[in-house]
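Q: In case you want the letters, here they are:
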Amino acid sequence: MNRKIASIAASVLVFAFVAPSATGVLARTAHHHGVTAARPAASLPKAPKDPFAKQDKKYSGQTITYYGGSVGTDHLADVPLVKAFHKSTGIKVKIVEQPSDSTATLSFLQNLFTQGSSSIDVTRLDVVWPGTFGRYLVSVKKPLAADAKLEIKSLLKNDTVGGRLVAMPYQGDFGMLYYLKDLLKKYHIAKPPTTWTQLTKDAKKIQKGERKSNKNFYGFVFQGKSYEGLTCNALEWIASYGGGSFISPKGKVTVDNAKAKAALKLAQSWVGTISPKGVTSYDEGATQNSFTGGDSAFARNWPYMDSPAILKGTKVQGKVGVAPLPHGAKGKSSATTGGWQIAVSKFSKHKGAALAFARYYASKVVQVWRATYAGIVPTMNSVASVKSVKKVQPFLSTVGKHTQRVVRPSTVLAGNYSKGSTDIFQSVNAILLGSKVSSTVANLKSELQSLHP
Amino acid sequence: MAVLGGQKTAVKPKRRSSRTALQSKQTQLAWLLMLPTIAVVILVAAYPLVRTFYTSFTDAAFGYRTHFIGWTNLYNVLQDGKFRETVYETFKFALITVPSEFVLGMGIALVVNSRFKGRGALRAAMLVPWAIVTVVNAEMWNLMYNDTYGVFNDILEKIHWPGAPFAFTSDPTLALGAVSGIDIWKTTPFVALLLLAGLQVIPNDVYEAATVDGASAWQQFWRITLPLLKPAILVTLIFRTMDALRVFDVFYVLFGAAPCIPGNCKMSMAVYIQENLVSFAGSPGQIGYGSALSVAVFIILAVIVAIYVKAIPLERT
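As you go down the protein sequences, you meet chains E and U in turn.
Residue numbers 1 to 453, in the working numbering, belong to the letters of the first sequence in order.
Residue numbers 1001 to 1317, in the working numbering, belong to the letters of the second sequence in order.
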């Protein structure tokens, strides 16, 4: 029972004086749907040249503006890419960094597009935004056809608005099950659980045994706080039971079904048994603290937690295993997608050059480079098999390929998504805190129906 | 004399008129000098305020055409049960934090106002909680409140407190206390500082005279310190009440967009406004509705200030 909290508090105190800036903390809480691994940020090696350079050279001399990755790894990866693209095509790309708080980026883009501004040619979009901005974006279907074939299908569907493919995915985080290998061995559990009922059983067994030496040990931790992360977790439970994704792509509210309710009932039963009571206020950070502190056997989190930069020096270093998330009795393992797409504004004055850059940015060679050197999770399954990627992101082949990628109902809800998602995570949070499943889900159904006429 | 007097009467109107000329000149100059300030105030305070009032009468939202819809939004605000819950919650928060901070702050101010060794160091140390960025502060407490690895539960379990560990931030019966604790810890130094400033301007001879007359320390506090501290107290209470009713950061960090259902509302008015005005800005009519909520909160705060100013009358000096 090692509690480092005093030293953490002390270091936060020091931090508060040395650098009175809240951005670090905000970045962690705000970046719930695409947490990027904190990797040592040395300068990155040269980026690959544009595979379509021959066609793209006709735009040589033009300058476009890219509203791209925020400070940190994302921006560090953008710089060499832009350089290599300029060298091979002659197109100059100016980068404007997005703020690390994605809500701020969302409002900025809302302003920009409603004013019809041409100041941004290319932008990256969160996976939940294409529905909101679809009408302001250029179709990328034809120019990006070759690479689109390699992308994960559900992500392409997410980026298709009113029948038009308006964005191309290039970064796709997904939920994974983390477990401690030594504990599975200790309690004679042959392999990580594949169903949620099995997980509940295994977690109970390990928890019972470990409680003898650690009074605060729990079987399973996840993101149960009332925020976007809970929508992601709940979608995984429900989809893996075959209970749909709250709203069908055609706009029918589907959440009020027996499978979805069975999934939510099971999740409700975890709180206070295999999960701490406080899990209803856990985000990724709290999940990570509990798991890396050796206080839990299983955890649900994004791939970022499976990186040496995070695990090195913790109590669980060398003991962490990852597996696809469990599923319901007859369902399939499902992982919510978080991540980024690239899109071209219809107000751009250099659409040709902008499309060329978007094509380069989402292309396979660039995804391989980004995965290898910046630790960014790709959106093409074929990237996962590349040797250099396999070495740094082994979970892509062991987990990513064996889990169905599901997306939140953002494209169908469009501008109403954040309201819909708030309805979802607040209802699920209430369920975790003990509200009755059937009436809460019925209520959620009518709330969602009012959003989608 | 008569001549003199006549002169006087003759001069008087002349002097008056020249005075008014000078006065009007000075008034002109005053307006000219104030012009930049007025312009800035109009730009940064009046315009946004008027604009918010105006927007509250529309159905503005990102990506939609804006229409004037009259009183509909304000009417809906009055019917909004969730908003009412957040108002109760915020007032409960203010009723817990402001008196606690005031009593603790007064105690600290009286202590550091007296003479003793190391007073300077203590005055500096007392400001530490207030010097920490609120968001960092809230995150720090969030860690300490954690039910499995937080320090509070560790201590409670070590002394075998019944019922420990507690889920401070998610248990509906503990959440308000948890969030108030952070605010009290952070803001008591600020209250102490304001009151200390008030204490320092009370002249010492008043106390000396009172001591000579045989007044006890307790009598001195009630009869001298408190009345003379009135202006500082008014400023402190107005500041703190306004801050408490506008609270955003601690609630947002601790609870995020937590559900607000009767009996379990973890949302302040400001968080509810942020949710409607910013997070939901892409839904039809939401910017208009969020503005109407802002107007409602503005009116609530204005009423509170008016009550304070009426309740603690200050003699004009």
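Bear in mind the hints are in silico, worked out from the structure with no lab data behind them.
Small disclaimer: the values here were computed from a predicted structure and weren't measured.
Every residue gets a Cβ at the ideal spot worked out from N, C-alpha and C, and that includes glycine.
Warning: the hint list may mix true and false statements.
Example chain E residues on the side facing chain U (calculated, C-beta under 8 angstroms, incomplete) [said to hold, decoys possible]: (1) N216; (2) Y218; (3) G251; (4) K252; (5) G278; (6) Q404; (7) A430.
Using 30 angstroms as the maximum straight-line C-alpha spacing, the simulated DSBU-like pairs for lysine-lysine come out as follows [said to hold, decoys possible]: (8) E/K259 with E/K201; (9) E/K205 with U/K1158; (10) U/K1092 with E/K436; (11) E/K265 with U/K1158; (12) U/K1092 with E/K277; (13) E/K185 with E/K153; (14) U/K1082 with E/K445; (15) U/K1158 with E/K252.
Q: Can you name, in rising order, the numbers of the hints this structure does not satisfy?
A: Per hint list: 3, 4, 6, 11, 13 and 15 violated.
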